[in-house]
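All chains should be modelled from the sequences, with the hints used to inform the complete structure.
Residue numbers in the sequence shown follow my numbering, run continuously in steps of one, and reach 504 at the last position.
Hints are not guaranteed to be accurate.
Unchecked claim - Straight-line distance between alpha carbons at most 25 Å, and here's what the computed DMTMM-like set of lysine to aspartate or glutamate pairs gives:
#1 Lys285 x Asp469
#2 Lys420 x Asp495
#3 Lys324 x Glu437
#4 Lys324 x Glu390
#5 Lys322 x Glu390
#6 Lys443 x Asp469
#7 Lys420 x Glu397
#8 Lys322 x Glu405
#9 Lys420 x Glu405
#10 Lys322 x Asp276
#11 Lys282 x Asp469
#12 Lys443 x Glu485
#13 Lys361 x Asp371
#14 Lys443 x Glu397
#15 Lys443 x Glu405
#16 Lys420 x Glu390
#17 Lys324 x Glu397
As the list claims (entries may be wrong) - Label pairs and their calculated CB-CB ranges:
#18 Phe302 x Ala240: 56 to 62 Å
#19 Gly261 x Arg370: 49 to 55 Å
#20 Arg497 x Leu313: 20 to 26 Å
#21 Pro433 x Leu303: 46 to 52 Å
#22 Ser414 x Val274: 54 to 60 Å
#23 Leu313 x Leu348: 20 to 26 Å
#24 Pro341 x Arg248: 41 to 47 Å
#25 Pro280 x Leu326: 57 to 63 Å
#26 Lys361 x Pro280: 21 to 27 Å
#27 Lys420 x Ala240: 50 to 56 Å
#28 Arg401 x Tyr331: 33 to 39 Å
#29 Gly277 x Ser355: 41 to 47 Å
Simulated from the structure, these hints should not be mistaken for lab results. All residues carry an ideal CB built from backbone N, CA and C; glycine is no exception.
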Amino acid sequence: MTHVTTLIPPQAPPPAPPPRYTVSRFVGTVAMGVWLALAIGIFLTVVDGWDPEKFAKYGPSYLSGLGVTLSLVFLSIVLGGILSLPLAFARMSKNKVLSWIAYIYVYFFRGTPLLTQLFLVYYGLGSFSAELKAAGLWWFFRDAWNCALLTFTLNTAAYQAEILRGAIESVPRGQREGASALGLPSRIAFFKVILPQAMIVALRPYGNEIILMIKGSAIVAIVTVFDLMGETRRAFSRTFDYQTYLWAALIYLVIVELLRNLWAVLDARLTRHLKR
229 MTHVTTLIPP
239 QAPPPAPPPR
249 YTVSRFVGTV
259 AMGVWLALAI
269 GIFLTVVDGW
279 DPEKFAKYGP
289 SYLSGLGVTL
299 SLVFLSIVLG
309 GILSLPLAFA
319 RMSKNKVLSW
329 IAYIYVYFFR
339 GTPLLTQLFL
349 VYYGLGSFSA
359 ELKAAGLWWF
369 FRDAWNCALL
379 TFTLNTAAYQ
389 AEILRGAIES
399 VPRGQREGAS
409 ALGLPSRIAF
419 FKVILPQAMI
429 VALRPYGNEI
439 ILMIKGSAIV
449 AIVTVFDLMG
459 ETRRAFSRTF
469 DYQTYLWAAL
479 IYLVIVELLR
489 NLWAVLDARL
499 TRHLKR
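And the structure:
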């Protein structure tokens, strides 16, 4: 027979349950209600003022402008991604000259408004038409679409370079040491070991950058590029119907929502091995 000589020490009472309704929850509920009311109001406004004739007349123009927007964003993202590789390596370089040049580039394009950069390229370089004609480059800079593509490429390259640099530096140092211990050449170790892990880290920031570029692309309408917003402005100038901008807003919302969900599926697919 055994005898208990030590009693279990008294335990602290369980924590009190959190209050059912808090100030933050109340504010969040009110904010959600306001957003829902606005969404319903916009929907009812569009339905109430729906004009089939205007939609049939300007709908094809909207689709044409949407194609210009998507092509401009796609090309600038791809070209900017290519340019971001040497920029990211220069930012991480031990060569102070290269590092400072890349830093100044990134600092300028991330620290100034995209609209200012577009004006500098379109109007600023356009003032040197004689020099550009002599150099054989005027054919490129006289086209507003080309100027917008160049501006967007330079801008997104700076953001993508910082995304890539941060992602590469987030990979644990032990991964590099392990690849070196296995005798892998530096190039193979980077592309087979470091870069795949870095791209997983950079995936969500890349998605945010693409969404920001899609929304920011509307400024090209100011320099006579007939993208989605450019066609919207032209339709409004002929009809003076504010719903032309509502149509454009809904199209932008659909694009962003589709891209957000696509990126969520892609992220879940590529990071499934990291989840238990």
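Status of the hints after comparison with the structure:
1. Lys285 x Asp469: The given pair, whose Cα atoms are some 13 Å apart, holds under the 25 Å limit.
2. Lys420 x Asp495: Holds, because 19 Å separates the two Cα atoms, which is no more than 25 Å.
3. Lys324 x Glu437: violated (28 Å)
4. Lys324 x Glu390: Status holds; Cα separation ~17 Å.
5. Lys322 x Glu390: holds (16 Å)
6. Lys443 x Asp469: holds (22 Å)
7. Lys420 x Glu397: Between Lys420 and Glu397 the Cα gap is close to 16 Å, so the pair holds against 25 Å.
8. Lys322 x Glu405: holds (19 Å)
9. Lys420 x Glu405: holds (14 Å)
10. Lys322 x Asp276: violated (63 Å)
11. Lys282 x Asp469: holds (10 Å)
12. Lys443 x Glu485: At roughly 12 Å apart (the allowed maximum being 25 Å), Glu485 and Lys443 satisfy the hint.
13. Lys361 x Asp371: The given pair, whose Cα atoms are some 13 Å apart, holds under the 25 Å limit.
14. Lys443 x Glu397: violated (29 Å)
15. Lys443 x Glu405: Violated, because 42 Å separates the two Cα atoms, which is more than 25 Å.
16. Lys420 x Glu390: holds (21 Å)
17. Lys324 x Glu397: holds (18 Å)
18. Phe302 x Ala240: 56 to 62 Å: holds (60 Å)
19. Gly261 x Arg370: 49 to 55 Å: holds (52 Å)
20. Arg497 x Leu313: 20 to 26 Å: With Cβ atoms ~24 Å apart, the hint holds.
21. Pro433 x Leu303: 46 to 52 Å: violated (20 Å)
22. Ser414 x Val274: 54 to 60 Å: Given range 54 to 60 Å: holds, Cβ gap about 57 Å.
23. Leu313 x Leu348: 20 to 26 Å: holds (25 Å)
24. Pro341 x Arg248: 41 to 47 Å: holds (46 Å)
25. Pro280 x Leu326: 57 to 63 Å: holds (59 Å)
26. Lys361 x Pro280: 21 to 27 Å: violated (49 Å)
27. Lys420 x Ala240: 50 to 56 Å: holds (53 Å)
28. Arg401 x Tyr331: 33 to 39 Å: violated (23 Å)
29. Gly277 x Ser355: 41 to 47 Å: holds (44 Å)
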